[in-house]
Amino acid sequence: MTQKLTTDEITNTVLRALGEIAPEADLAAIKPGVSFRDQLDIDSMDFLNFVIAVHEALHVEIPEADYPKLITLNGCVEYLSSRV
Amino acid sequence: MAEFTMPSLGADMEAGTLVAWLKKPGETVRKGDIIAEVETDKGIIEIESFMAGVLEKTLVEPMTKVPVGTVLAIIREEGKGGAPVVETGRLRVSPAAKQLAAELGVQLSTVKGTGPDGAITREDIERSAGAKPIIAAPTKPEAEAEKQARMRQVIAAAMARSKREIPHYYVGTTIDMSRALTWLNEENLKRPVKERLLYGVLLLKAVALALREVPELNALWKGNEVVRSESIHVGVAVSLRQGGLIAPALHDTDKQSLGDLMRNFRDLVNRARAGALRSSELSDPTITVTSLGEQGVESVYAVIYPPQVAIVGFGKLVERPWVVDKQIVPRSVLTATLSADHRVSDGHRGGLFLAAVDRLLQEPESL
Numbered sequence: 000m001t002q003k004l005t006t007d008e009i010t011n012t013v014l015r016a017l018g019e020i021a022p023e024a025d026l027a028a029i030k031p032g033v034s035f036r037d038q039l040d041i042d043s044m045d046f047l048n049f050v051i052a053v054h055e056a057l058h059v060e061i062p063e064a065d066y067p068k069l070i071t072l073n074g075c076v077e078y079l080s081s082r083v
Numbered sequence: 000m001a002e003f004t005m006p007s008l009g010a011d012m013e014a015g016t017l018v019a020w021l022k023k024p025g026e027t028v029r030k031g032d033i034i035a036e037v038e039t040d041k042g043i044i045e046i047e048s049f050m051a052g053v054l055e056k057t058l059v060e061p062m063t064k065v066p067v068g069t070v071l072a073i074i075r076e077e078g079k080g081g082a083p084v085v086e087t088g089r090l091r092v093s094p095a096a097k098q099l100a101a102e103l104g105v106q107l108s109t110v111k112g113t114g115p116d117g118a119i120t121r122e123d124i125e126r127s128a129g130a131k132p133i134i135a136a137p138t139k140p141e142a143e144a145e146k147q148a149r150m151r152q153v154i155a156a157a158m159a160r161s162k163r164e165i166p167h168y169y170v171g172t173t174i175d176m177s178r179a180l181t182w183l184n185e186e187n188l189k190r191p192v193k194e195r196l197l198y199g200v201l202l203l204k205a206v207a208l209a210l211r212e213v214p215e216l217n218a219l220w221k222g223n224e225v226v227r228s229e230s231i232h233v234g235v236a237v238s239l240r241q242g243g244l245i246a247p248a249l250h251d252t253d254k255q256s257l258g259d260l261m262r263n264f265r266d267l268v269n270r271a272r273a274g275a276l277r278s279s280e281l282s283d284p285t286i287t288v289t290s291l292g293e294q295g296v297e298s299v300y301a302v303i304y305p306p307q308v309a310i311v312g313f314g315k316l317v318e319r320p321w322v323v324d325k326q327i328v329p330r331s332v333l334t335a336t337l338s339a340d341h342r343v344s345d346g347h348r349g350g351l352f353l354a355a356v357d358r359l360l361q362e363p364e365s366l
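Quick mapping for you: the protein sequence lines, in order, are chains A and B. Numbering (numbering that gives the first Met the number 0) for the first sequence: 0 to 83. Numbering (numbering that gives the first Met the number 0) for the second sequence: 0 to 366.
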């Protein structure tokens with residue numbers, strides 16, 4: 000039986016994935032409504048690695064068309080909460 | 000027997016620090032095996048064996064900084080007997096080079112000769128002296144700030160040399176990317192997340208295939224002449240999170256499927272940023288591609304990385320009014336520029352190259 004993940008668990012998973020691509024980042028200082036690209040200077044390869052990391056951690060299918068929904072922490076939590 | 004030497008991993012690399020041996024004497028090595036790690040101004044690089052055989056003997060201790068060309072180890076070739084290792088031998092060195100070595104305090108035994116039959120030349124001595132070898136005293140790893148400063152110096156030296164020695168010319172064109180992006184969207188719908196393609200891979204493949212049509216751009220300037228490369232190894236400019244950049248090679252870019260190219264491209268970028276590149280990836284690029292589109296740049300006028308003779312720059316994808324069949328329609332376009340060495344090619348050939356890149360991107364299913 001699978002158990003639905005909490006918002007905190009999803010947030011931690013997202014932050015862990017970000018930490019892998021931007022190890023120098025202060026994850027506690029991430030502003031939830033501001034795009035990762037603006038805060039962490041990530042490029043398209045970083046973002047692809049981020050999506051893959053989230054996909055592998057949560058086993059969620061993420062169509063390319065949904066990528067724009069994942070550009071902020073708030074967006075990630077909202078999107079992923081409805082799918083895990 | 001073959002000498003395994005400190006490789007040159009860039010036009011301005013003078014020395015490297017042997018960090019660790021990953022093979023022990025007596026172990027079998029295959030061509031391409033990683034047998035040592037070396038720290039350079041570009042980070043820790045994995046050094047590959049260029050031949051198959053047995054690692055007979057290591058000659059340099061870990062954490063020792065030595066000039067490019069220094070013999071690090073002896074490899075006994077596959078199928079050949081274990082002849083005794085020659086510890087010392089008669090060095091082929093001219094009197095002038097010998098005198099210069101004495102003046103500059105360079106140990107001849109540490110110098111790899113590049114003259115006829117391996118003779119040590121004055122230039123070899125000067126290069127070794129410039130590297131300031133520290134043979135006897137193992138060095139400590141440099142602090143991160145020092146590494147960054149050194150990398151900046153290396154970039155500065157290479158770029159200054161480029162602008163000083165290479166007569167650049169520049170040509171550019173704007174490419175309609177609509178067809179390529181439409182194809183890419185459809186293609187990515189079929190692919191699992193780990194196998195999806197970035198549009199940058201289409202650009203890399205198009206450049207590689209266009210080089211087959213204008214091969215003089217896929218070459219190196221050595222000595223005072225151009226040497227064309229039969230293989231197409233596109234160097235990809237990768238910005239590093241801690242600052243600086245590096246442009247390792249995607250080997251045989253033109254021969255790889257888009258799926259393989261994407262997998263290798265992703266692996267290359269990740270390893271570049273993690274400081275885990277291989278020696279051949281730094282020494283083999285035959286041209287470089289740089290893209291600054293994600294930084295909002297529309298046109299890139301790049302500086303050639305010597306000894307290469309060309310570099311291709313891509314700007315950002317922008318929506319522009321475009322005329323198709325006498326109708327104005329919105330299209331996604333980007334600007335491609337070529338910086339090339341006028342000693343090797345001219346604007347006519349450069350223009351043909353960009354036209355080929357454009358044409359290939361209009362047929363993405365053929366890439």
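Worth flagging that the hints you see were computed from the coordinates, not collected in a lab. Accuracy of the hints is not assured; some may be wrong.
For lysine-lysine, the following DSBU-like pairs were computed, each having C-alpha atoms within a straight-line distance of at most 35 Å [as the list claims (entries may be wrong)]:
1) B:23 to A:68
2) B:221 to B:56
3) B:193 to B:56
4) B:193 to A:30
5) B:146 to B:221
6) B:189 to B:23
7) B:146 to B:22
8) B:162 to B:146
9) B:315 to A:68
10) B:193 to B:221
11) B:254 to B:193
12) B:193 to B:325
13) B:111 to B:193
14) B:254 to A:30
15) A:30 to B:221
16) B:315 to B:30
17) B:111 to B:189
18) B:22 to B:162
19) A:68 to B:193
20) A:3 to B:22
21) A:3 to B:315
22) B:189 to B:221
| query | What are the numbers of the hints the structure violates, in ascending order? | reply | 1, 3, 6, 10, 12, 13, 14, 15, 16, 17, 18, 20, 21, 22
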